[in-house]
Structure formats: C-alpha cells, structure tokens
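Engineer: Residues per chain, in single letters:
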Amino acid sequence: MALIFPKSTDKFVRIGAVIVGIIALGAAAMGLYVTWPSNLKTGYSPVQPVPYSHKLHVGELGMDCYYCHYTANKAGYAAVPATEVCMNCHVRVKPQSPRLQRIRDAYQTGDPVPWVRIHQLADFVFFNHQAHVTVGVSCVSCHGRIDQMVEVKQMQPLNMKWCLDCHRNPAPNIRPVEQVTNLAWQPDRDPAEIGHELIQQKGINPPQHCSGCHR
Amino acid sequence: MIQITKKLTGKKYWRSLDELYQTSEFQEWLHKEFPSSGSDLLDEPSRRNILKVMAASFGLAGLTACRRPVEHILPNARGIEDYIPGRPLFYNTAMTLGGAAQGVMVETMDARPLKIEGNPEHPWSLGRARGFHQASILQMYDPDRGIAFKREGNNSRWEDFLDWAHKLELGNGSGLRILSEHLNSTSLAAIKSDVLKRLPGAKWVEYNPVLTSETALPAVPRVHFDKAAVVVSLDSDFLGLDTSTVLPVKEFAKARMAGDGEATQMNRLYVVESQFSATGAAADHRFRAKSADIGQYANALLAAVQNATTPLKVVGQTPGTEKGIAAIAKDLAANRGRSVVVAVRGSRPAFTPWCIRSIRRSATSAR
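Residue numbers (my numbering), protein chains in the order written: chain C, 13 to 227; chain S, 383 to 749.
Think of the hints as simulated: they come from the structure by calculation, not from any bench. Among the clues, some could well be false.
[Stated by the list, open to error] Calculated from the model, a selection of chain S residues having no Cβ within reach of chain C, i.e. all distances over 12 Å:
| hint | residue |
| --- | --- |
| 1 | S398 |
| 2 | R450 |
| 3 | P451 |
| 4 | R469 |
| 5 | I519 |
| 6 | M522 |
| 7 | A571 |
| 8 | I738 |
[To be verified] Simulated crosslink set (EDC-like; lysine to aspartate or glutamate; CA at most 20 Å straight-line):
| hint | chain 1 | residue 1 | chain 2 | residue 2 |
| --- | --- | --- | --- | --- |
| 9 | C | K165 | S | D608 |
| 10 | C | K86 | S | E453 |
| 11 | C | K53 | S | E453 |
| 12 | C | K53 | C | E163 |
| 13 | C | K86 | S | E489 |
| 14 | C | K86 | S | D608 |
| 15 | S | K636 | S | D608 |
| 16 | C | K86 | S | E463 |
[Stated by the list, open to error] Facing chain C, according to a computed beta carbon distance under 7 Å, are these residues of chain S, among others:
| hint | residue |
| --- | --- |
| 17 | G444 |
| 18 | V452 |
| 19 | E453 |
| 20 | A671 |
Ideal placement from N, C-alpha and C gives every residue a C-beta, glycine not left out.
Work the whole structure out from these sequences, hints included.
Structural biologist: Structure (structure tokens):
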C-alpha cells in the first residue's frame, strides 16, 4: 500500500507533539502560579468608597487601632466601625470636605457605607480576633504595616500553610499584650526570645488539629 | 404578531391562558423576561439555534468562576449601644397576650431576633415563657408584618397621618371608629379617654384575637399554687391555655417536687374537665364531664364540702363520680387553708362562680 504521507512527516508530528506538550505544561504552570493563594490574594487593594487613609489617621495622627476596631479584643470580628464613629471627629474636623460626602450622607440617611472587604477567609475557617489579640499576636503579624498604608493592601496570603506556620512556631509573633497595636514595636532584644518567654509564662498553645479552625 | 398555530402538528399545548390568547400582557412579559431573545422564543425553534446556545453555555460556564467576588462590609450608620458583632445582645421588653402583659427577654444576634424567653427579673415569668411567647418570634419574620404606614392599602407616611388627624379636630369625630387591642396599659387608657373626650362622635372598639382568662378583667387573681397541698380544677386548664403567664406552671411544679425544697409532700391535683388538656394530663385524678355539667359538679362538691345529708347527684355522671366528689371533699377538709379550687372562667351556668366561692369559703379558708 502506498504511503499517503512521506515518512519524514513522522518527524514533524513528533516535534509538534513536544511543542504542544511544552505549551500545555507552561499554561498549567502559569495557571497554577497566578491562582496560588500567595499570588492571588496578597497585594489585593481594591478602591474603597471613601478614601480613608490609615497612614494619616494611624501613622501621622497616632490613633489607636482599638478606637475604631474596638471589638477586635472582645469578639471574633474586628468590626469595621459604624459611620457614627467617623462622625465623632468629623462633625468638627473638616466638616465640609467633599471626600467625606459619602460618610455624611450615610450618617444622615442611615444607609451603610459599602466598604470593600479585603481580608477574606473561606467560609469553613473560623478565625477569632479576640483569641489572637488577647494573647499578644499583633495586628502587624497578619495585616502588615497598616499605619503606612494610604490604601489598605492584603500583605499575607492567609492560606492554611501560612496559618499553620505560626501555629507551629508562634514565638516570633507573640509580644506583650499592651504592644499589640504598636505596629512599629522594636524590642531591644530578640522578639522570638520575648515571645518564647511569654508562651511559657501564659501557657499559650495554639491548636494544630483540624477542629481548631475547621469547626 | 406571530401566530401560535403556525405549522403546529399534534396536540396544542399552552402554559397560561395569556399565552393561549397571545394577549399584549403576555407579549410584554415575554420581552421583559428575555429582553434579548424574546423574538427567538417566538420563532420556530431550530436545531441549529439550540445547539448554538448549548455550546455557548457549556463553553462559557467555567468563566463565571474567573472573577474575584467582591464582598462588602456594611457597618451600621448609627452604632447600637453595647453591640458586639457575633455576640448575642439581650433586650427586655413586654408582650401582651390576651390582655395580659408579660416581661420577656429577646435574644438578638447581629440585630436579628433569635429567641424569646421570660425575663428572669419579672415576677410573673421567672425567666420562662409560655409557648405563645416563644412562638411569637416567628411574627418578626412574618412577611405580612406591617412595617410601614398604610392608607387604603398603599404605603403612606407618618406626616400624612398627622395631617389627616389634625383635620379631624375640626369635627366631632362622628363616623370615626378606632380599632385596637384590649388596652391594659393605664397610659394608653388615658390617651383613649382623652381622644374620646375630644371626639365624642367617635367610637373606640377593642378586639382581641386571643381571649384568655385575664382579658378585660379589672384585676387578675393571683393563685399561690405553690402553697396548695390540694388543687381542684373544674374545667380550668391553668397549666395550659387558660393562663397567659408561666407562673402557675412554675408554682404548681414547685409544690409537686416533694423533698426538693420546702414541700415535704407532693400536692394532689383533681381535674374535672370536658376536653384533653395539659392540666388533665398532670392530674392525679381526672374526671370527665360535659362542659355543661361542670356547674352540677360544683354544686355537688359544695354539698359534699358542707356535709349535706343527701349528697347531690350529677345527672349523666360517669362511673366513679360520686366516690370522686366525696374523696375531693374529704381531701379539702383535711387540708383546710392549704387548698385551691379553680374553675374555668365564664363557665355555665352562671351560678358556678358563686358555687366556687362558697366552696372556697367553706372548705379552703383556714379555720
């Protein structure tokens, strides 16, 4: 039987298969890279409805985290404050600023300001702010230097490996409770050493079993 | 207009009368529901079109997952005092049922009411609530619950109502009827008399969907079931539906728990009743009787208590009645000052309440 294609066609088919394979592998690797939690989530910095600057309020004016997020050490949620909290100051400070129009409207109409959520865990994970903040895990450990951010950006991947890394070795992230909201805290000796002492002293034992977080 | 009968073979099917008659409302709805493809739906379905839509649906199905969901955080504009997200917040309030108010405590979670229980500080509830009170949580989620002012079925505003009410003052209110629940609040009653004084032509009508024994009474009897060694109920479901608070149940149970506190002996409960009730279920001795015969029971019991020479008979009595009445009378006599006789309110004939009072006077008062 006569050949339809010359024998040399085999070579092209082989080369073609290799090229297609490389492209497919490359696409898969690329897909994996961009959807990897540390790449997909870190750096997320959506535009908020009101241009609130943590850098100005916390970094320059020195407000404490707990002034607005006053439930962080009382409940699982570190709640975004009611619009009323903004108005505590802004009835007198810059009461006419156009950048605050949204806040004033919300205060008058009662409609909430639709802040965009940045740090979002999966629904099957139970994270409790109170449990972390009250044993001395600082805000900065998970949220980064918020006091230097004009627009809040997610700094950590917040995936399970990242959580477990700290649960297995919490010492570097444990500090005295009164320093929790001091994001620029620089101890005069090794923070891990201080953390280790506090762990011993308070008997801190972060759970590593499944039901610690997946309840 | 496209004819639905075009090229149709076999049976003609339709999903609504509007579709069958191809009314203009149907056409309008169709284009509103499927704005881009309304005409496609009316066209004859073609194999090519269906495959096209199917292929596109399958091909694009995965793409919906390709955007990051944006979630909003919507804090209250005005803060709620003492509110901590994720923590229950309790509110004390009162609920009127059948004209009697009971203090209740409502548990809310993130501004949603979850559970109603009695207010532990309230002397009538002692921290517990009746089934009616507990079930009233569902009213909060009733889609028919009124949340806005309505006028002739349309939403209105408080200001409009005020304007209307101010105009009323010009006349004497003839033709005006005000419908309300039974008011047992003195301040509301003052408002009511004030309104009727200003608008003498108006009438205030009270209506209660639930009528319990306390309704429309000037005073509510306070029966100390916890101090009674013998309780006789003549068709009164005081452990069930005849009281609007949970107090009788709590107090009765207290005297029931012998050796568990003050009571050294269990109390005894006699029930004569015409139906099955929670009280009858808890009774030590239960006698069944037609509700029309309750008066006869009261009479016979009075006669027995007063040691009548010939005991009264109950016409149409069930077996054991005579013995039962004698036993009740004996028990009442043995526990003078420590017994309670309760009867259903509004029982017929009208002399029953008198009988009950006489029984109480002659049998239950301390010697």
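Engineer: Does the CB of A671 of chain S sit less than 7 Å away from some CB of chain C?
Structural biologist: violated (56 Å)
Engineer: Hint check: K165 of chain C vs D608 of chain S, CA-CA at most 20 Å. Holds or violated?
Structural biologist: The hint is violated at about 65 Å.
Engineer: Minimum Cβ separation between R469 of chain S and chain C greater than 12 Å?
Structural biologist: Violated, because the least Cβ-Cβ distance between R469 of chain S and chain C comes to about 5 Å, which does not exceed 12 Å.
Engineer: Given the hint that K86 of chain C pairs with E463 of chain S, does the C-alpha gap stay at or below 20 Å?
Structural biologist: holds (15 Å)
Engineer: What's the verdict on K86 of chain C and E453 of chain S, does the C-alpha distance respect the 20 Å limit or exceed it?
Structural biologist: Status violated; Cα separation ~24 Å.
Engineer: Is the nearest Cβ of chain C still more than 12 Å from the Cβ of I519 of chain S?
Structural biologist: holds (24 Å)
Engineer: Against the 20 Å threshold, does the CA-CA distance of K53 of chain C and E163 of chain C hold or violate the hint?
Structural biologist: holds (15 Å)
Engineer: Checking the smallest CB distance to chain C, is I738 of chain S really beyond 12 Å?
Structural biologist: The claim stands: I738 of chain S keeps its Cβ more than 12 Å from every Cβ of chain C (closest is about 56 Å).
Engineer: Verify this label for me: M522 of chain S is non-interface relative to chain C, using a Cβ-Cβ cutoff of 12 Å.
Structural biologist: Nearest chain C Cβ is 20 Å from M522 of chain S, so the label holds.
Engineer: Could you check if E453 of chain S really has its C-beta closer than 7 Å to a C-beta on chain C?
Structural biologist: holds (4 Å)
Engineer: Keeping to a limit of 20 Å between CA atoms, is the pair of K53 of chain C and E453 of chain S held or broken?
Structural biologist: holds (14 Å)
Engineer: Report holds if the minimum CB distance from R450 of chain S to chain C is greater than 12 Å, and violated otherwise.
Structural biologist: With a cut-off of 12 Å, R450 of chain S comes too close to chain C, as the shortest Cβ separation is near 8 Å.
Figure legend: structure checked against the earlier numbered hints; hints not met, in rising order: 2, 3, 4, 9, 10, 14, 17, 20.
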